[in-house]
Amino acid sequence: MTARSQRILFWALVWFCILILSVPTVIVVGASFTTANMISFPPEGFTLKWYGKIALARDLQQAFVRSLIVSTVCLIASVPVGTLAGLALSRFKLRFANAIQIYLLLPFTVPLIGSGIGMMLVFGEWRVLGSLWPVGVALAVINLPFIIWSVSSSAGALDGDLELAASSCGAGRFETFWFVTLPGVMPGVITGGLLMFVLAMSEFLVSLLLTDARTVTLPVQIYNNIRSIITPDLAAVSSVFVVIALLAVWLLDRLVGLEIFLKSK
Amino acid sequence: MTVQIAAKADATQAAREVAVRASHVSMDFGSGALAVDDASFELEKGRFLTILGPSGSGKTTLLRMIAGFQKQTAGEITINGKAVDAAPPHRRSVGMVFQKLALFPHMTAAENVAFPLKMRRFNPRQIAGRVDQFLDLVKLGGYGDRRINELSGGQQQRVAIARALVFEPDLLLLDEPLAALDVKLREEMQLEFRRIQHELGVTTINVTHDQREALVVSDNVIVMDGGRIQQQADPVALYRAPANPFVAGFLGLSSFVEGTATADGNLKVGDLVVQGTAARRFETGAPVVAAIRAEQIRLAGTREALAACDMTLEGRVCDTIFEGERQMYVVEIGALCGATFRVYHHDPDSFGLFRVGDPVALGWNRRDLKIFSPAA
Numbered sequence: 001m002t003a004r005s006q007r008i009l010f011w012a013l014v015w016f017c018i019l020i021l022s023v024p025t026v027i028v029v030g031a032s033f034t035t036a037n038m039i040s041f042p043p044e045g046f047t048l049k050w051y052g053k054i055a056l057a058r059d060l061q062q063a064f065v066r067s068l069i070v071s072t073v074c075l076i077a078s079v080p081v082g083t084l085a086g087l088a089l090s091r092f093k094l095r096f097a098n099a100i101q102i103y104l105l106l107p108f109t110v111p112l113i114g115s116g117i118g119m120m121l122v123f124g125e126w127r128v129l130g131s132l133w134p135v136g137v138a139l140a141v142i143n144l145p146f147i148i149w150s151v152s153s154s155a156g157a158l159d160g161d162l163e164l165a166a167s168s169c170g171a172g173r174f175e176t177f178w179f180v181t182l183p184g185v186m187p188g189v190i191t192g193g194l195l196m197f198v199l200a201m202s203e204f205l206v207s208l209l210l211t212d213a214r215t216v217t218l219p220v221q222i223y224n225n226i227r228s229i230i231t232p233d234l235a236a237v238s239s240v241f242v243v244i245a246l247l248a249v250w251l252l253d254r255l256v257g258l259e260i261f262l263k264s265k
Numbered sequence: 001m002t003v004q005i006a007a008k009a010d011a012t013q014a015a016r017e018v019a020v021r022a023s024h025v026s027m028d029f030g031s032g033a034l035a036v037d038d039a040s041f042e043l044e045k046g047r048f049l050t051i052l053g054p055s056g057s058g059k060t061t062l063l064r065m066i067a068g069f070q071k072q073t074a075g076e077i078t079i080n081g082k083a084v085d086a087a088p089p090h091r092r093s094v095g096m097v098f099q100k101l102a103l104f105p106h107m108t109a110a111e112n113v114a115f116p117l118k119m120r121r122f123n124p125r126q127i128a129g130r131v132d133q134f135l136d137l138v139k140l141g142g143y144g145d146r147r148i149n150e151l152s153g154g155q156q157q158r159v160a161i162a163r164a165l166v167f168e169p170d171l172l173l174l175d176e177p178l179a180a181l182d183v184k185l186r187e188e189m190q191l192e193f194r195r196i197q198h199e200l201g202v203t204t205i206n207v208t209h210d211q212r213e214a215l216v217v218s219d220n221v222i223v224m225d226g227g228r229i230q231q232q233a234d235p236v237a238l239y240r241a242p243a244n245p246f247v248a249g250f251l252g253l254s255s256f257v258e259g260t261a262t263a264d265g266n267l268k269v270g271d272l273v274v275q276g277t278a279a280r281r282f283e284t285g286a287p288v289v290a291a292i293r294a295e296q297i298r299l300a301g302t303r304e305a306l307a308a309c310d311m312t313l314e315g316r317v318c319d320t321i322f323e324g325e326r327q328m329y330v331v332e333i334g335a336l337c338g339a340t341f342r343v344y345h346h347d348p349d350s351f352g353l354f355r356v357g358d359p360v361a362l363g364w365n366r367r368d369l370k371i372f373s374p375a376a
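Which chain is which? The protein sequence lines are E and B, in order. In case it helps, the working numbering puts the first sequence at residues 1 to 265. In case it helps, the working numbering puts the second sequence at residues 1 to 376.
Derived by calculation from the structure, the hints in this document are not laboratory data. Using N, Cα and C, we set each Cβ at its ideal position, and we do this for glycine too. Some clues are possibly wrong.
Selected chain B positions facing chain E (Cβ under 7 Å, derived; list incomplete) [to be verified]:
{"hint": "1", "residue": "Phe69"}
{"hint": "2", "residue": "Pro89"}
{"hint": "3", "residue": "Phe354"}
Simulated crosslink set (DMTMM-like; lysine to aspartate or glutamate; CA at most 20 Å straight-line) [what the hints assert, rightly or not]:
{"hint": "4", "chain 1": "B", "residue 1": "Lys139", "chain 2": "B", "residue 2": "Asp85"}
{"hint": "5", "chain 1": "B", "residue 1": "Lys71", "chain 2": "B", "residue 2": "Asp85"}
{"hint": "6", "chain 1": "B", "residue 1": "Lys45", "chain 2": "B", "residue 2": "Asp234"}
{"hint": "7", "chain 1": "B", "residue 1": "Lys118", "chain 2": "E", "residue 2": "Asp212"}
{"hint": "8", "chain 1": "B", "residue 1": "Lys184", "chain 2": "B", "residue 2": "Asp145"}
{"hint": "9", "chain 1": "B", "residue 1": "Lys268", "chain 2": "B", "residue 2": "Asp234"}
{"hint": "10", "chain 1": "B", "residue 1": "Lys100", "chain 2": "E", "residue 2": "Glu163"}
{"hint": "11", "chain 1": "B", "residue 1": "Lys100", "chain 2": "B", "residue 2": "Glu176"}
{"hint": "12", "chain 1": "B", "residue 1": "Lys100", "chain 2": "B", "residue 2": "Glu111"}
{"hint": "13", "chain 1": "B", "residue 1": "Lys100", "chain 2": "E", "residue 2": "Asp161"}
{"hint": "14", "chain 1": "B", "residue 1": "Lys139", "chain 2": "B", "residue 2": "Asp234"}
{"hint": "15", "chain 1": "B", "residue 1": "Lys71", "chain 2": "E", "residue 2": "Asp59"}
{"hint": "16", "chain 1": "B", "residue 1": "Lys118", "chain 2": "B", "residue 2": "Asp145"}
{"hint": "17", "chain 1": "B", "residue 1": "Lys71", "chain 2": "B", "residue 2": "Asp37"}
{"hint": "18", "chain 1": "B", "residue 1": "Lys71", "chain 2": "E", "residue 2": "Asp161"}
{"hint": "19", "chain 1": "B", "residue 1": "Lys139", "chain 2": "B", "residue 2": "Glu111"}
{"hint": "20", "chain 1": "B", "residue 1": "Lys100", "chain 2": "E", "residue 2": "Asp159"}
{"hint": "21", "chain 1": "B", "residue 1": "Lys118", "chain 2": "E", "residue 2": "Glu163"}
{"hint": "22", "chain 1": "B", "residue 1": "Lys100", "chain 2": "B", "residue 2": "Asp37"}
{"hint": "23", "chain 1": "B", "residue 1": "Lys45", "chain 2": "B", "residue 2": "Asp170"}
{"hint": "24", "chain 1": "B", "residue 1": "Lys118", "chain 2": "B", "residue 2": "Asp170"}
Make the full structure from the sequences, and use the hints.
Below, the structure is given as structure tokens:
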């Protein structure tokens with residue numbers, strides 16, 4: 001094959017992938033501007049009225065605030081746990097390190113519906129269903145492997161002599177951790193934290209099982225609304241989601257640089 | 001220059017005191033052979049010691065035990081008279097420059113240098129001044145605000161030196177920090193290490209596999225191989241009087257001849273007696289090995305031209321290698337059962353005086369051919 005036809009094939013493949021990946025987003029964002037009363041693509045005309053509508057819809061607003069709370073709880077719970085676990089797995093020669101690693105990755109292997117029902121039972125037993133924080137904790141548990149991976153890949157890239165250098169500078173174990181190790185893995189912590197936040201914002205299945213009318217989060221609220229009729233205001237809500245995710249990616253790029261996030265070392 | 005000489009005089013005066021003493025130190029990683037095997041040495045205050053050896057000789061392990069990163073399985077290490085075996089690294093007054101420098105990437109140059117002062121609870125009001133003073137010492141004045149990745153390799157070296165010295169440790173350790181540099185920069189930094197060490201008079205232990213570096217920078221050299229200390233001496237004595245065939249082969253370029261000892265302390269190869277100098281008496285007929293350095297052999301077209309030498313032999317050139325400032329010849333001596341000798345030849349007028357296959361004569365003085373018992 002000539003270099004020219006190779007290049008054409010290469011770019012055709014690239015554009016095909018880009019198209020497949022972006023079609024849902026493009027359709028949803030496009031549909032949110034339609035003037036029709038049914039969701040439609042390509043949009044008929046252009047209007048911002050659906051955004052105006054969701055800005056006034058109290059149920060969506062409250063669900064959005066609840067989602068923010070849940071995501072924050074998830075962030076607060078997962079960052080310390082995930083950071084310490086990720087560091088421990090990559091920095092120390094632990095006995096049973098493999099077993100521990102598999103154990104920490106278990107949430108990935110159990111189907112979400114299974115862990116959701118399990119947590120529903122546990123939180124029900126504790127009589128805490130109906131508050132928001134158990135939802136945040138549950139999302140921290142099921143997504144924990146993401147932040148562990150992120151931190152341990154960051155820690156793996158760290159020069160092991162840094163900690164020895166700190167101790168020869170006079171730093172004890174805690175000072176070494178606080179001034180050298182932790183700043184060293186900070187890119188991994190920030191990446192993992194943002195990932196946890198975004199994942200918690202959009203998690204649906206476990207949230208569905210753990211929420212009721214008082215604690216419904218945004219993805220669940222959207223699902224509830226769809227069941228009656230698919231109106232363009234839901235496309236507008238989804239577009240807001242897309243913007244939040246883009247915001248998170250932009251923040252990531254500003255704070256640690258996207259290349260750290262993209263190359264898993 | 002005067003500053004250096006004065007500092008050197010100080011160093012000599014303080015030289016009576018022992019700064020570091022290792023007695024019968026061994027390290028067993030449980031992998032069969034000992035990584036460090038019964039190493040004992042003393043280092044006087046203010047001196048610059050280099051531990052020289054090939055990779056896997058145990059030199060870095062020995063250094064890491066002195067730093068406190070690893071604990072020896074036997075023996076005792078004292079720094080300034082105090083046993084440090086129970087002290088973790090941060091309780092020892094030891095500065096270290098690491099092989100890969102291990103500068104803190106999230107801090108500026110000045111923050112790196114200030115770190116040991118903060119950790120060692122120096123008066124916060126004096127820290128900034130002291131950091132500036134040490135950045136000046138390593139000729140990085142004005143670079144304090146740079147991030148580590150904004151500095152060149154040589155500048156990073158200098159930050160690492162300043163960080164290791166800023167708290168005025170009792171001992172400075174250098175773990176092959178120059179190994180990764182190109183030759184020009186390495187030679188520049190070797191002289192810098194020496195200048196700074198003389199200026200501060202800090203006791204220093206340097207680890208390297210670079211024999212030239214060991215000879216250039218050190219007051220004292222320990223040669224290690226296979227976990228054992230082979231010889232400790234000052235650079236000149238080490239080079240001129242190697243203790244065994246390993247040291248003779250590791251420093252400089254030596255040629256070796258195997259034979260048996262004669263009654264009068266010479267070497268017999270086949271029927272030919274070769275004059276040399278034995279470090280000790282050998283039994284007549286005992287197997288021995290002789291070593292001679294490439295620059296101590298004279299080379300000429302005929303034996304008559306080498307009349308001044310104690311020993312002359314005829315041979316044939318089997319290879320010539322052009323090394324820039326000199327030519328190296330490999331010469332085979334038929335009378336010594338075909339043993340080959342490597343000879344440096346400096347000829348300011350013409351290079352390549354002899355060609356492969358030419359008959360030549362070699363000559364040397366008997367004190368330059370060292371006779372040892374064969375390597376174990």
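Outcome of the hint check:
1. Of the supplied interface hints, the one on phenylalanine 69 of chain B holds, with its beta-carbon coming within about 5 Å of a beta-carbon of chain E, less than 7 Å.
2. The restraint placing proline 89 of chain B at the interface with chain E holds, with a minimum CB-CB distance near 4 Å, inside the 7 Å limit.
3. Evaluation of the phenylalanine 354 of chain B hint against chain E yields a violated restraint, the C-beta minimum of about 50 Å exceeding 7 Å.
4. Of the pairs offered as hints, the one joining lysine 139 of chain B and aspartate 85 of chain B is violated, with about 36 Å between alpha carbons and a cut-off of 20 Å exceeded.
5. A distance of roughly 7 Å separates the Cα atoms of lysine 71 of chain B and aspartate 85 of chain B; the hinted pair therefore holds under the 20 Å criterion.
6. A distance of roughly 15 Å separates the Cα atoms of lysine 45 of chain B and aspartate 234 of chain B; the hinted pair therefore holds under the 20 Å criterion.
7. Note on lysine 118 of chain B and aspartate 212 of chain E: the hinted pairing is violated, with a Cα-Cα distance of about 53 Å set against a maximum of 20 Å.
8. Distance restraint check for lysine 184 of chain B and aspartate 145 of chain B: the Cα-Cα separation of roughly 27 Å exceeds the 20 Å cut-off, and the hinted pair is therefore not satisfied.
9. With a C-alpha separation of about 32 Å, the suggested pair lysine 268 of chain B and aspartate 234 of chain B falls outside the 20 Å cut-off, and the hint is violated.
10. Restraint check: the Cα-Cα separation between lysine 100 of chain B and glutamate 163 of chain E comes to about 13 Å, which is no more than 20 Å; the hinted pair holds.
11. The suggested pairing of lysine 100 of chain B with glutamate 176 of chain B holds, with an alpha-carbon distance near 9 Å, which does not exceed 20 Å.
12. Restraint check for lysine 100 of chain B and glutamate 111 of chain B: the C-alpha separation of about 18 Å stays at or below 20 Å, so the hint holds.
13. Between lysine 100 of chain B and aspartate 161 of chain E the alpha-carbon distance is near 8 Å, which keeps this suggested pair within the 20 Å criterion.
14. A threshold of 20 Å between alpha carbons decides the hint, and for lysine 139 of chain B with aspartate 234 of chain B the separation of about 29 Å lies outside it, so the pair is violated.
15. Proximity of lysine 71 of chain B to aspartate 59 of chain E is assessed by CA-CA distance (about 65 Å); at most 20 Å being required, the pair is judged violated.
16. This hinted pair checks out: lysine 118 of chain B and aspartate 145 of chain B have alpha carbons roughly 17 Å apart, not beyond 20 Å.
17. Among the hinted pairs, lysine 71 of chain B with aspartate 37 of chain B is consistent with the structure: their alpha-carbon atoms are about 14 Å apart, no more than 20 Å.
18. Restraint check: the Cα-Cα separation between lysine 71 of chain B and aspartate 161 of chain E comes to about 17 Å, which is no more than 20 Å; the hinted pair holds.
19. Between lysine 139 of chain B and glutamate 111 of chain B the CA atoms are separated by roughly 17 Å; this keeps the pair inside 20 Å, and the hint holds.
20. Using a Cα cut-off of 20 Å, the hinted pair lysine 100 of chain B and aspartate 159 of chain E holds, with the two alpha carbons roughly 9 Å apart.
21. With a C-alpha separation of about 16 Å, the suggested pair lysine 118 of chain B and glutamate 163 of chain E falls inside the 20 Å cut-off, and the hint holds.
22. For the given pair, lysine 100 of chain B sits about 26 Å from aspartate 37 of chain B by alpha-carbon distance, which is inconsistent with the 20 Å threshold.
23. As the CA atoms of lysine 45 of chain B and aspartate 170 of chain B are separated by approximately 9 Å, the hinted pair is consistent with the 20 Å bound.
24. This hinted pair checks out: lysine 118 of chain B and aspartate 170 of chain B have alpha carbons roughly 18 Å apart, not beyond 20 Å.
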